[in-house]
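**Q** Here is how the chains run, residue by residue.
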Amino acid sequence: MDEQAVRLGVHDLIAAYSDCIDDDRLEEWPDFFVDKCHYLITSRESHEAGYRHGIIYAASRGMLLDRVTSLRRVLMYEKHRYRHIVGQTRVSKIADGVAEAHSNFITVRIMHDGETNLFAVGRYLDRIDISTTPFRFVERLVILDSQKIDTLLVIPL
Amino acid sequence: MDEQAVRLGVHDLIAAYSDCIDDDRLEEWPDFFVDKCHYLITSRESHEAGYRHGIIYAASRGMLLDRVTSLRRVLMYEKHRYRHIVGQTRVSKIADGVAEAHSNFITVRIMHDGETNLFAVGRYLDRIDISTTPFRFVERLVILDSQKIDTLLVIPL
Amino acid sequence: MDEQAVRLGVHDLIAAYSDCIDDDRLEEWPDFFVDKCHYLITSRESHEAGYRHGIIYAASRGMLLDRVTSLRRVLMYEKHRYRHIVGQTRVSKIADGVAEAHSNFITVRIMHDGETNLFAVGRYLDRIDISTTPFRFVERLVILDSQKIDTLLVIPL
Numbered sequence: 012m013d014e015q016a017v018r019l020g021v022h023d024l025i026a027a028y029s030d031c032i033d034d035d036r037l038e039e040w041p042d043f044f045v046d047k048c049h050y051l052i053t054s055r056e057s058h059e060a061g062y063r064h065g066i067i068y069a070a071s072r073g074m075l076l077d078r079v080t081s082l083r084r085v086l087m088y089e090k091h092r093y094r095h096i097v098g099q100t101r102v103s104k105i106a107d108g109v110a111e112a113h114s115n116f117i118t119v120r121i122m123h124d125g126e127t128n129l130f131a132v133g134r135y136l137d138r139i140d141i142s143t144t145p146f147r148f149v150e151r152l153v154i155l156d157s158q159k160i161d162t163l164l165v166i167p168l
Numbered sequence: 012m013d014e015q016a017v018r019l020g021v022h023d024l025i026a027a028y029s030d031c032i033d034d035d036r037l038e039e040w041p042d043f044f045v046d047k048c049h050y051l052i053t054s055r056e057s058h059e060a061g062y063r064h065g066i067i068y069a070a071s072r073g074m075l076l077d078r079v080t081s082l083r084r085v086l087m088y089e090k091h092r093y094r095h096i097v098g099q100t101r102v103s104k105i106a107d108g109v110a111e112a113h114s115n116f117i118t119v120r121i122m123h124d125g126e127t128n129l130f131a132v133g134r135y136l137d138r139i140d141i142s143t144t145p146f147r148f149v150e151r152l153v154i155l156d157s158q159k160i161d162t163l164l165v166i167p168l
Numbered sequence: 012m013d014e015q016a017v018r019l020g021v022h023d024l025i026a027a028y029s030d031c032i033d034d035d036r037l038e039e040w041p042d043f044f045v046d047k048c049h050y051l052i053t054s055r056e057s058h059e060a061g062y063r064h065g066i067i068y069a070a071s072r073g074m075l076l077d078r079v080t081s082l083r084r085v086l087m088y089e090k091h092r093y094r095h096i097v098g099q100t101r102v103s104k105i106a107d108g109v110a111e112a113h114s115n116f117i118t119v120r121i122m123h124d125g126e127t128n129l130f131a132v133g134r135y136l137d138r139i140d141i142s143t144t145p146f147r148f149v150e151r152l153v154i155l156d157s158q159k160i161d162t163l164l165v166i167p168l
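Chain order of the listed sequences is A, B and C. Residues in the first sequence are numbered consecutively from 12, following my numbering. Residues in the second sequence are numbered consecutively from 12, following my numbering. Residues in the third sequence are numbered consecutively from 12, following my numbering.
Keep in mind that the hints are not guaranteed to be accurate.
Claimed, not checked - Under the rule of at most 25 angstroms between Cα atoms (straight-line distance), these lysine to any residue pairs were calculated in the SDA-like manner:
1. Lys159(A) with Leu164(C)
2. Lys104(C) with Leu19(B)
3. Lys104(A) with Asp13(C)
4. Lys159(A) with Leu129(C)
5. Lys104(A) with Tyr62(A)
6. Lys159(A) with Thr127(C)
7. Lys159(B) with Asp30(A)
8. Lys104(B) with Thr143(A)
Stated by the list, open to error - One-sided excerpt, in silico: chain A residues whose CB lies under 7 angstroms from chain C:
9. Arg92
10. Asn115
11. Leu152
12. Asp156
13. Ser157
14. Gln158
The set of hints was computed from the structure by calculation and includes no laboratory data. All residues carry an ideal CB built from backbone N, CA and C; glycine is no exception.
Okay, chain A solo, but in the shape it has when bound:
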């Protein structure tokens, strides 16, 4: 696969991921990851300090599935949705069937009553399995610029 095709596939994966969450199709969300994956939402400070834990953490696709289940059945929260705006993606490395990419994003939250506000801003640091189609995330680190967000974060970013 040539570099251009890889970039295009990475671009589409990242856009499809946002659409899935923004459309509230959370049951499909784990399918964007390989089985043995790593998903983490954390703050820039924690990430730079080298901590591997965070606000939301999953070390397998099964844990992502569990998260969706609890989100749908257990957690109590005011209904809301997101809209992701993802800036230009940089593919920094392609080797051994894995592409490394990162993108900045901004997430606007829309509450049930229509109230809209700038919810989160940060960057995605991705490692993507490009050896099979469709591409899937091996690792997606969501590095938030602010630590103020914790208690409000229910839906994945």
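Using the hints provided, position chains B and C relative to the given structure of chain A.
**A** Just chains B and C, lined up with the frame of chain A:
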């Protein structure tokens, strides 16, 4: 035309459209559409409920021209401008000379006194005529995430 | 170099530039410019009126280096960082080893205490030297949509 060229053309059309509005060159805005076009600004709730009406609606290029005329000559409103930030575009289908694409966007409104605020967030659902150059919109649905915007919406998105 | 490769390189330059600033690697910032460059942050009103001065101005890479030095050693300001979200880039012209491109952007500012707000919105008007690798800016005009920003602007955009 190969797929890469189509994507590039779609990308450029969408960016040029935003520039036209943000630069206040509204007289050129109808030229981004084919004669028998469909332009609609609506809310996500209305769109998902299957309604075909909305906040702003046009079923032909002529109606778009009328809109610009009334906006320039008739409507009274405080002077303001937009800045569109359009995220990554997904081209989901290319068939029969028409490309289907969608993109998330955020629009910041700048009032005459310099006040700046997050005005609208949503997505574009586009059907684009790629059989002639330049590409033109056959259909552009502007699906807003919030319904709170109605009375303020004068300039097209 | 074919057009596709130029576009890709321009895209990567613009993304790398944002990363450099957002990561607070300001010492590397001048390296994104050729020696005899032009960097200007100004407002849309000033730009449209044809003024060549602005809020921040540099006519050489040396002046950019000076700016970083004073920013690190001299200027007193509350610690903060940016996150840039850059929309789709349009490459409008490629000629004589120079590509012209423009992109809309939004910059979110994150203060030391985690407070996050929409700081600046505007567009980049770029002239990029593509005759050598890596690509570098010959000119980067940062046209802000609002004039309200002046006193707060310390870090380059």
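**Q** For each hint, tell me whether it holds in the structure or not.
**A** Verification of the hints:
1. Lys159(A) with Leu164(C): holds (24 angstroms)
2. Lys104(C) with Leu19(B): With Cα atoms ~14 angstroms apart, lysine 104(C) and leucine 19(B) stay inside 25 angstroms; holds.
3. Lys104(A) with Asp13(C): holds (22 angstroms)
4. Lys159(A) with Leu129(C): holds (16 angstroms)
5. Lys104(A) with Tyr62(A): holds (23 angstroms)
6. Lys159(A) with Thr127(C): holds (9 angstroms)
7. Lys159(B) with Asp30(A): Between lysine 159(B) and aspartate 30(A) the Cα gap is close to 22 angstroms, so the pair holds against 25 angstroms.
8. Lys104(B) with Thr143(A): Within the cut-off at roughly 21 angstroms; holds.
9. Arg92: With Cβ-Cβ at 19 angstroms, over 7 angstroms, it is violated.
10. Asn115: At 5 angstroms from the nearest chain C Cβ, asparagine 115(A) passes the 7 angstroms test, so the hint holds.
11. Leu152: violated (15 angstroms)
12. Asp156: It holds, given that the least Cβ distance between aspartate 156(A) and chain C is near 5 angstroms, below 7 angstroms.
13. Ser157: Since the shortest Cβ distance to chain C is 5 angstroms, the answer is holds.
14. Gln158: holds (5 angstroms)
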